[in-house]
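Enquirer: Single-letter residue listing:
There are 2 protein chains.
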Amino acid sequence: MSLIIIGTVAFDAIETPFGKTDKIVGGAATYAGLAASYFYDKTKIVSVVGDDFGQDNIDIFTEHGIDTEGLQIKEGEKSFFWSGKYHNDMNSRDTLITELNVLEAFDPVIPENYQDCEYLMLGNLTPVVQSTVIKRLKTRPKLIVLDTMNFWMDIMMPDLLETIKMVDVLTINDAEARQLSGEYSLVKAARKILTMGPKYLIIKKGEHGALLFHEDKVFSAPALPLADVFDPTGAGDTFAGGFIGYMAKVGTVNFNNMKNAIIFGSALASFCVEKFGTEKILNLTDIEVAARVQEFVSLSAFTIEA
Amino acid sequence: MSLIIIGTVAFDAIETPFGKTDKIVGGAATYAGLAASYFYDKTKIVSVVGDDFGQDNIDIFTEHGIDTEGLQIKEGEKSFFWSGKYHNDMNSRDTLITELNVLEAFDPVIPENYQDCEYLMLGNLTPVVQSTVIKRLKTRPKLIVLDTMNFWMDIMMPDLLETIKMVDVLTINDAEARQLSGEYSLVKAARKILTMGPKYLIIKKGEHGALLFHEDKVFSAPALPLADVFDPTGAGDTFAGGFIGYMAKVGTVNFNNMKNAIIFGSALASFCVEKFGTEKILNLTDIEVAARVQEFVSLSAFTIEA
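Protein chains in written order, with my numbering: chain A, 4 to 309; chain B, 4 to 309.
Keep in mind that the hints were calculated from the coordinates and are not lab data.
Take the hints with a grain of salt, since some may be wrong.
A pair holds if it fits inside one copy or across any two, identical chains being indistinguishable in the list.
[Claimed, not checked] Once the Cα atoms are required to be at most 25 Å apart in a straight line, the calculated DMTMM-like pairs of lysine to aspartate or glutamate come out as: (1) Lys262 x Glu218; (2) Lys208 x Asp177; (3) Lys208 x Glu298; (4) Lys45 x Glu298; (5) Lys252 x Glu115; (6) Lys195 x Asp231; (7) Lys145 x Glu66; (8) Lys252 x Glu308; (9) Lys195 x Asp119; (10) Lys202 x Asp54; (11) Lys145 x Glu218; (12) Lys45 x Asp59; (13) Lys252 x Glu80; (14) Lys195 x Glu298; (15) Lys220 x Glu291; (16) Lys23 x Glu210.
With the rest of the complex left out, here is chain A (with noise of 0.2 Å):
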């Protein structure tokens, strides 16, 4: 039984109102692989690296007890690279560089020790590399949950629908679902994207929180209001990595543990952006998860006799 993240691992350099990084380590495995630690020991990650990207660096998937066998360091190549700089609002960003290198031409490898996946993550890649690795598993996983992004929807739409169809769990932001749905209105989109293959759908909404939508049932989660947004960079893998993780450790799948995953998401992405890169989620203690989920408890609830 295992939980397998597929996603970039990547050099970003990133620039934000309060500074800017050299190359550090990160992309969408990066980040849902660390998160997803927290809440589930046996975490396996696929993705493909240049021989630039070193021991020590893989030392910190190892470090958090991250099974790191599906990753392939292709010698004599570069790994995947972004560079990007943050607007003052935190909410808009440019990029600087996307170099793909070893992306390319990634073809994802299960490692036979990965057939016993029943919890799996389809970080943002091409949509023709995440249904592959779909296919490369003899059996259909539990539960699976994909992220994408509107420049899949821009340049291949009927690829990534293909995708869709064949998973359990979709995370988009809100422009994405207006996008992919046609539909102006969340629930109108909702109900139309849940008919596309997905029986739930979270719908992020960063700084305001996120929407799950499952059947004709809604869950609305707050975000933590937060005085200071270092960087936002992986916080959307973050979310989507503790989502997972939470929902492999209680291992039932329905609405009420998706709510419950949604907040643990959400309370790893708002640590993710107290500091650069991956930084804050490296070394957090379980005592202080806890606590913030407590802050999200006290954030949303009321008492209201009925």
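Use these hints to put chain B onto chain A, whose structure you have.
Expert: Chain B only, in chain A's frame:
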């Protein structure tokens, strides 16, 4: 003991993607008064209209048990008129016509039997008119709520700051909180605004709900995701009226009661946008209101073992 609501009573002509209206009754005090009347039966309004505002329109208030002794009727003058057109996303609108008419020289009159005021809602109007009402009450009300907007920040900031000093609760939207404080982070904005006079700050975020700040506490209220928003006119005033009406009903000013008041205000506002103008909030039953409040409860409830 009573609740006084001051604000405009006006004619509106509204165009949305769903249709358009002729002149219909609108105005901040109208929406707020109707909303408050669902919770509190000693609601009184202070406003001004022209002689074009017929008895049948005044009957709207009296049918809801709202005292209109403080509603001045100016012979030979015309009522305030606003006309606006909403864009397709319903989040932005163009003002087509604003005719101040009777509002231009509005000098609020407080009838003697309004002097028992315990709860005061200062709906959107010039800050000078708002503070005049406070000064004309012989006893300071137990709770003063101020609603205002960016327009007054642009042209009358010093007067607005003087009025803000005198109130207990300020309700503004997120852009206005940023403008008033000069801080982008809503947490920092709230900290600054809570030093300007008010002990409570409500930041309205429309389709994203509302935040309540008090001392070092925060409450995040969800917004009900709606399939159709028919006409957003008056939603903010309805929210404010429901809020203070509920506070007047429970009678004790504290953080927990304000959290519930925000939910009841949000519930009323969610009805308001379902039809043009005041149509939907004219004839709600207690059962409808209670059911809608329970929708807010289910929407945001989750249970995490500590």
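Enquirer: Take the hints in turn and mark each one as holding or not.
Expert: Now the hints, each set against the structure:
Taking the shortest alpha-carbon separations for Lys262 and Glu218, only the intra-copy value of 14 Å comes in at or below 25 Å, while the best inter-copy value is 29 Å. When the C-alpha separation of Lys208 and Asp177 is checked against a cutoff of 25 Å, the pair qualifies both within a copy, at 6 Å, and between copies, at 15 Å. Taking identical chains as interchangeable, the C-alpha atoms of Lys208 and Glu298 lie at most 25 Å apart whether they share a chain (19 Å) or sit on different chains (21 Å). Taking the closest pair of Cα atoms, Lys45 and Glu298 never come within 25 Å of each other, the shortest separation being 28 Å inside a single copy and 38 Å across copies.
For a Cα distance limit of 25 Å, the shortest separation of Lys252 from Glu115 inside one copy, 22 Å, qualifies, whereas the shortest one across copies, 66 Å, does not. Proximity of Lys195 and Asp231 under a CA criterion of 25 Å is satisfied inter-copy only: 15 Å between copies versus 36 Å inside one chain copy. Taking the closest pair of Cα atoms, Lys145 and Glu66 never come within 25 Å of each other, the shortest separation being 27 Å inside a single copy and 58 Å across copies. Within a single copy, Lys252 and Glu308 get their C-alpha atoms only as close as 33 Å, which misses the 25 Å cut-off; across copies the closest is 14 Å, which meets it.
For the homomeric pair Lys195 and Asp119, neither the shortest alpha-carbon distance inside one copy (33 Å) nor that between copies (54 Å) is at most 25 Å. Taking the shortest Cα distances, Lys202 and Asp54 never come within 25 Å of each other, neither inside one copy (40 Å) nor across copies (58 Å). In the homo-oligomer, the alpha carbons of Lys145 and Glu218 lie at most 25 Å apart inside one protomer (19 Å), although the nearest pairing across protomers, at 46 Å, exceeds that limit. Taking the shortest alpha-carbon separations for Lys45 and Asp59, only the intra-copy value of 21 Å comes in at or below 25 Å, while the best inter-copy value is 71 Å.
When the C-alpha separation of Lys252 and Glu80 is checked against a cutoff of 25 Å, the pair qualifies neither within a copy, at 36 Å, nor between copies, at 70 Å. For a Cα distance limit of 25 Å, the shortest separation of Lys195 from Glu298 across copies, 22 Å, qualifies, whereas the shortest one inside one copy, 34 Å, does not. For a Cα distance limit of 25 Å, the shortest separation of Lys220 from Glu291 across copies, 19 Å, qualifies, whereas the shortest one inside one copy, 31 Å, does not. In this homomeric assembly, Lys23 and Glu210 come within 25 Å of each other (Cα to Cα) only inside a single copy, at 22 Å, whereas the closest approach across copies is 34 Å.
Consistency with the previously given hints fails for numbers 4, 7, 9, 10, 13, ordered from lowest to highest.
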